[in-house]
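Listed in order, the protein sequences are those of chains R and W.
Numbering of the first sequence is given in our numbering, commencing with residue 1 and proceeding in unit increments.
Numbering of the second sequence is given in our numbering, commencing with residue 1 and proceeding in unit increments.
Worth flagging that the hints you see were computed from the coordinates, not collected in a lab.
For each residue, glycine too, the CB sits at the ideal point set by N, CA and C.
Be a bit skeptical, because a hint or two may be false.
Unchecked claim - Covered stretches of chain R, going by a simulated chain W footprint (3 or more residues, C-beta under 8 Å): (1) 57-69; (2) 102-115; (3) 248-261; (4) 398-404; (5) 439-447.
Said to hold, decoys possible - Simulated pairs of lysine to aspartate or glutamate, DMTMM-like, Cα-Cα distance not exceeding 20 Å: (6) R:Lys201 to W:Glu171; (7) R:Lys196 to W:Glu321; (8) W:Lys257 to R:Glu406; (9) R:Lys447 to R:Glu406; (10) W:Lys257 to R:Glu321; (11) W:Lys196 to R:Glu406; (12) R:Lys257 to W:Glu321.
Protein chains: 2
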Amino acid sequence: MLLRFSLNADLITSADIPDEAVAAIGQAVDEANKSTFQRGVPAEAEPNDIGRIMAWNAAGTALHLEIESGPYTRAHDALFRFRKQLAPVLGRHRIGIRSIEVTAFTVRLEGTIDPAAIPHLPMIRETAADEEGITLTLDVSPTDLENKVPDRLVRLIEEKAEAHAYGGKAEHWELIYESPKQPVQFTDDPTAEMLKRGWIKHGASRGQWIFGPQPVQLFRAFETIVIEEIIRPLGFSEMIFPKLVPWEVWKRSGHAKGVYPEIYYVFTPKTRDPAYWEDVADYYKVTGEVPVEMIRDRLDGPIGGMCYAQCPPFWPFVQGETLANDCLPARVFDRSGTSHRYESGGIHGIERVDEFHRIEVLWLGTADQTVEVADRLHEAYTRVFDELLELEWRCARVTPWFMAQEGLVGVSENESIGTRDYEAILPYSNGWLEFQNVSVNGNKYPKGFNVKIQSGAECWSGCSGIGLERWTAAFLAQKGFDVSKWPERVAKLMGEPEEVFRFL
Amino acid sequence: MLLRFSLNADLITSADIPDEAVAAIGQAVDEANKSTFQRGVPAEAEPNDIGRIMAWNAAGTALHLEIESGPYTRAHDALFRFRKQLAPVLGRHRIGIRSIEVTAFTVRLEGTIDPAAIPHLPMIRETAADEEGITLTLDVSPTDLENKVPDRLVRLIEEKAEAHAYGGKAEHWELIYESPKQPVQFTDDPTAEMLKRGWIKHGASRGQWIFGPQPVQLFRAFETIVIEEIIRPLGFSEMIFPKLVPWEVWKRSGHAKGVYPEIYYVFTPKTRDPAYWEDVADYYKVTGEVPVEMIRDRLDGPIGGMCYAQCPPFWPFVQGETLANDCLPARVFDRSGTSHRYESGGIHGIERVDEFHRIEVLWLGTADQTVEVADRLHEAYTRVFDELLELEWRCARVTPWFMAQEGLVGVSENESIGTRDYEAILPYSNGWLEFQNVSVNGNKYPKGFNVKIQSGAECWSGCSGIGLERWTAAFLAQKGFDVSKWPERVAKLMGEPEEVFRFL
Chain R
1 MLLRFSLNAD LITSADIPDE AVAAIGQAVD EANKSTFQRG VPAEAEPNDI
51 GRIMAWNAAG TALHLEIESG PYTRAHDALF RFRKQLAPVL GRHRIGIRSI
101 EVTAFTVRLE GTIDPAAIPH LPMIRETAAD EEGITLTLDV SPTDLENKVP
151 DRLVRLIEEK AEAHAYGGKA EHWELIYESP KQPVQFTDDP TAEMLKRGWI
201 KHGASRGQWI FGPQPVQLFR AFETIVIEEI IRPLGFSEMI FPKLVPWEVW
251 KRSGHAKGVY PEIYYVFTPK TRDPAYWEDV ADYYKVTGEV PVEMIRDRLD
301 GPIGGMCYAQ CPPFWPFVQG ETLANDCLPA RVFDRSGTSH RYESGGIHGI
351 ERVDEFHRIE VLWLGTADQT VEVADRLHEA YTRVFDELLE LEWRCARVTP
401 WFMAQEGLVG VSENESIGTR DYEAILPYSN GWLEFQNVSV NGNKYPKGFN
451 VKIQSGAECW SGCSGIGLER WTAAFLAQKG FDVSKWPERV AKLMGEPEEV
501 FRFL
Chain W
1 MLLRFSLNAD LITSADIPDE AVAAIGQAVD EANKSTFQRG VPAEAEPNDI
51 GRIMAWNAAG TALHLEIESG PYTRAHDALF RFRKQLAPVL GRHRIGIRSI
101 EVTAFTVRLE GTIDPAAIPH LPMIRETAAD EEGITLTLDV SPTDLENKVP
151 DRLVRLIEEK AEAHAYGGKA EHWELIYESP KQPVQFTDDP TAEMLKRGWI
201 KHGASRGQWI FGPQPVQLFR AFETIVIEEI IRPLGFSEMI FPKLVPWEVW
251 KRSGHAKGVY PEIYYVFTPK TRDPAYWEDV ADYYKVTGEV PVEMIRDRLD
301 GPIGGMCYAQ CPPFWPFVQG ETLANDCLPA RVFDRSGTSH RYESGGIHGI
351 ERVDEFHRIE VLWLGTADQT VEVADRLHEA YTRVFDELLE LEWRCARVTP
401 WFMAQEGLVG VSENESIGTR DYEAILPYSN GWLEFQNVSV NGNKYPKGFN
451 VKIQSGAECW SGCSGIGLER WTAAFLAQKG FDVSKWPERV AKLMGEPEEV
501 FRFL
């Protein structure tokens, strides 16, 4: 893709630029073009691809600059490098640079682009398309330029072009293990059966269940198996990760790139002064209705959302730290609360819900250590599903979850990085249910949260989400409700189903 | 307090009221005044206190009514009773009652009222005060009248008058137990010490901690004690209560009356169509900032909030049901997630946080059964705190939590209904920390969620919240960090503190 930047800007000075400074400015421009802008540019770059001050003139308190570039030392980078270089030159005349005014900024793109995507992008004032490509006129402040807005914009356009070219291609899915077949013991929908037995009831919010004692016995049986057979033998320690996730975390974890359609958003009161809220309470007391619009106006936010992926809010625990070599691989897990996703509507079983319970397993270390832990986990899971739960299941390499949650498709270029989904057959529908996963996330999180290793080796991390509703749905769909026919270990841990409530 | 209602309304008919119907209407009015409006009125009521049609006339398709009342068969109740009575009378002339138009509605109050409160109340068009009292002109629809808006308004004014009279009185607090003194083993702030040791770190959101392995070992030690010594011996079964609470639940639980200043509010996407959210994601990708205002416009809500009190979202499990006698007292508990409260700002230890972890114990039965379970729980707690944790603590009868959360003060009139707070001394501040409670809530929840008992006995309920952060804060403040000096059982369950992370 051809890429050109063109920038007009005025450097505003603290006093009129005197004639005797003009020659020195000219020298600084020459030096910038010949040397300053060449720094860090690869040897094979064409001269035309590198930032260059094409024209300039000084008038009053404004030094007008016209800068052009291809992809190297881009026009806006050149502007800031030049300001830095010029400051001591003007300083000798007791003149400071007060501010920058951007008077024009255009980006020229030629190549494969998705023309439909462009007009909706932010910061674009005008779009002009021709046969070879497109010219974008941007509305950008100096701060936007410092924050690399043009670069992000170009990268986004490239991403959209790739997605456009990729078109309707399905998600990646590649079988890597298939369990032995298991005899069919049950062919009904376990959610319907649990409802009939009074084991579960719908919660008051959508996609939400209240679990009675019996399914919770099964949840806890699975939890015990996970802890005794997988988590403890592999050396994981329990932590408690927060369950309210502010933007700050999702910006670093990458979720802020694409998770918006599925978040349960959280707002906070502008103040907790009871007087501020008295008329809201009064309105409710008088009308019996909660005044949602009145409340909306008194809230700050959204400040973030309810837990979506379980591991991102762990990362501030290690953010900005350098990990000692000998504490690696660090292995932890969390089972301290709910996850919430705004799923597609309609009635679902316990296997597709808005509110769910998951044991999240997380580890950090060198690349080798991280891959090694993932492999050991996979072996332990395989043993548990084949020997203790006697499930019919399979495992596939899929689009990494962190790519999917950023709206990306395909797989990582690095073979070691990626997600394995574990799927179980549901005899009642003959469909496969993803009931958990294991991921090696590469350096994504350590980079996002600035975590380093003492040795200087790149820090990687992995995670594995064990969905208790999903395990239960898969197990009951295959094994049914006759506990005497269940695999021994599960039956023993489950015990006699506890009947607490009896309704007339 | 003197209370009078005065209502003018037109019953709009489907056709002109014929002259030959007028006599029958007159008869219906007489019957209403003499008999219909007398039903359910206590014998000692003054005639003037009871609803009465003072004047009426029929013109075209409107039957104009003027109704007055004191507190019995209030004017608006009289209106609906009369409509019901009149329908068959007009039916004989093939005329139906199409609708009601309220043309005037005033309420007269005399007595102790808080005049400052009145003008801010909803549904009031005009307020006229004189020496004896106040006359309110209301803006109400027939639906408002059917929903008993005037009655709720009067009750609210009475409540405010009581609160005004009650003034700055302190919350109720009455000592009922004091433990033996314990030797002082530690005098520092345990939160500061945990921070220093790297056991905890601040989460990214306010009032939120990330707990490392060591404090979680202590949380789980306490959880094991609670389950083995209290919950299981007393016959409680584990359930999973939802953690996102919609208004529907808080309306029935009473929290909608006053909990607004402290809620973490929840909103949902208007749609989960990715195309609807694409420009939000694009904005973030280009600017690196989350466009909070753009998001705000695309959300529905608030639909409710994050878990505040832990037991209300249980109740839809039994809502509308009649419980068999022989399943009572029904005893359950939940430890499946976090609670969230928007607490006052500033830096706090783990004992005062916005996000916390609690084991919630809940039981239902007859009044006797409910009180009995609360007493057994109190005994079990006493043994655990005195013998196993060796805490210095006390127990006090306080304003019931459900009253406090509705903005009320004082205690219930029924001695058996109320909250016991458990407080531990914090040697570092010499202050007392409420670390858990036990409440008998009377018929409040069964009534709100329409739960009955087979025998016809009134259904009561109780609950007890065991705060893991609070137990930990109290225990560490008194016992310090030298595990060898801890009570044996806790030390054994805690084990060797697990050092997972080491930072350079």
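Hint check:
1. 57-69: violated (count 0)
2. 102-115: violated (count 0)
3. 248-261: holds (count 9)
4. 398-404: violated (count 0)
5. 439-447: Our answer is that it is violated, as 0 residues pass the Cβ test (under 8 Å) against chain W, missing three.
6. R:Lys201 to W:Glu171: violated, 38 Å
7. R:Lys196 to W:Glu321: Distance of about 15 Å is within 20 Å: holds.
8. W:Lys257 to R:Glu406: Roughly 40 Å separates the two Cα atoms, so the pair is violated.
9. R:Lys447 to R:Glu406: holds, 16 Å
10. W:Lys257 to R:Glu321: violated, 46 Å
11. W:Lys196 to R:Glu406: It is violated: about 36 Å lies between the C-alpha atoms, which goes past 20 Å.
12. R:Lys257 to W:Glu321: violated, 46 Å
Consistency with the previously given hints fails for numbers 1, 2, 4, 5, 6, 8, 10, 11, 12, ordered from lowest to highest.
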